[in-house]
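Residues per chain are reported as follows:
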Amino acid sequence: DAGVTQSPTHLIKTRGQHVTLRCSPISGHKSVSWYQQVLGQGPQFIFQYYEKEERGRGNFPDRFSARQFPNYSSELNVNALLLGDSALYLCASSSTWAGEPLHFGNGTRLTVT
Amino acid sequence: QKEVEQDPGPLSVPEGAIVSLNCTYSNSAFQYFMWYRQYSRKGPELLMYTYSSGNKEDGRFTAQVDKSSKYISLFIRDSQPSDSATYLCAMSSNNAGNMLTFGGGTRLMVKP
Numbered sequence: 001d002a003g004v005t006q007s008p009t010h011l012i013k014t015r016g017q018h019v020t021l022r023c024s025p026i027s028g029h030k031s032v033s034w035y036q037q038v039l040g041q042g043p044q045f046i047f048q049y050y051e052k053e054e055r056g057r058g059n060f061p062d063r064f065s066a067r068q069f070p071n072y073s074s075e076l077n078v079n080a081l082l083l084g085d086s087a088l089y090l091c092a093s094s095s096t097w098a099g100e101p102l103h104f105g106n107g108t109r110l111t112v113t
Numbered sequence: 114q115k116e117v118e119q120d121p122g123p124l125s126v127p128e129g130a131i132v133s134l135n136c137t138y139s140n141s142a143f144q145y146f147m148w149y150r151q152y153s154r155k156g157p158e159l160l161m162y163t164y165s166s167g168n169k170e171d172g173r174f175t176a177q178v179d180k181s182s183k184y185i186s187l188f189i190r191d192s193q194p195s196d197s198a199t200y201l202c203a204m205s206s207n208n209a210g211n212m213l214t215f216g217g218g219t220r221l222m223v224k225p
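Here the protein sequences come in this chain order: U and V.
The opening position of the first sequence corresponds to residue 1 in this note's numbering, with each subsequent residue numbered one higher.
The opening position of the second sequence corresponds to residue 114 in this note's numbering, with each subsequent residue numbered one higher.
The hints are simulated quantities; they were obtained by calculation from the structure and are not laboratory data.
Check the hints yourself; a few may be wrong.
[What the hints assert, rightly or not] Just the calculated beta-carbon pair ranges, DEER-fashion:
# : chain 1 : residue 1 : chain 2 : residue 2 : range
1 : U       : Asn-77    : V       : Gln-193   : 37 to 47 Å
2 : U       : Glu-100   : V       : Glu-116   : 13 to 23 Å
3 : U       : Arg-67    : V       : Asn-207   : 20 to 30 Å
Just so we're clear, the structure is a prediction, and the values are computed from it rather than from any experiment.
Heads up, the beta-carbon is just placed ideally off N, CA and C, and yes, glycines get one too.
Based on the sequences and whatever the hints tell you, model everything.
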């Protein structure tokens, strides 16, 4: 079975631009979460979506937004990119809203210049 | 002070050694405890998942949770060079959905 898939794998953007990252969860999983991992640190929670509704939001500015589609795939959007947004963006899926383990994709590495 | 503390290492051990990795935390509401392994340029891979206190064993891996001390451990027996990676602890509370709080990770190097 395919795991969590993310696209693109790498991305280079300029300050002020907009970026869209995509995620397909494991088949049958209805919850998708997004995390940001800065080099040398642990991942930080950005959003959780379950059954197409936002169920959690981390301490990130409004420049970050996300949505989940009827097929449970998800997009993370970041507007007005800053140099500090350079990081590995990880998507994780699980079968339920809570109480089940999260399975991560290999991430999208975003570089902002 | 961070909610979850983890020694960044690097921790260097010879092949075949028993490895002990640890995390401490401050939030007594944490009930779910996880260990992930992350290779360079890859996403975290789930190794162990436990609820509340106690021990759990899976092959060469043993996870321990001591909620009274707010301390969790991962033991790796018969360590192999392929175990060389960064190990992340993560935890969440009952009402937090899939919002995990991670430690900063410990880099492990197993030398042949």
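Hints, one by one, checked against the model:
1. U:Asn-77 / V:Gln-193: 37 to 47 Å: 41 Å, holds
2. U:Glu-100 / V:Glu-116: 13 to 23 Å: 22 Å, holds
3. U:Arg-67 / V:Asn-207: 20 to 30 Å: 26 Å Cβ-Cβ, so the 20 to 30 Å window holds.
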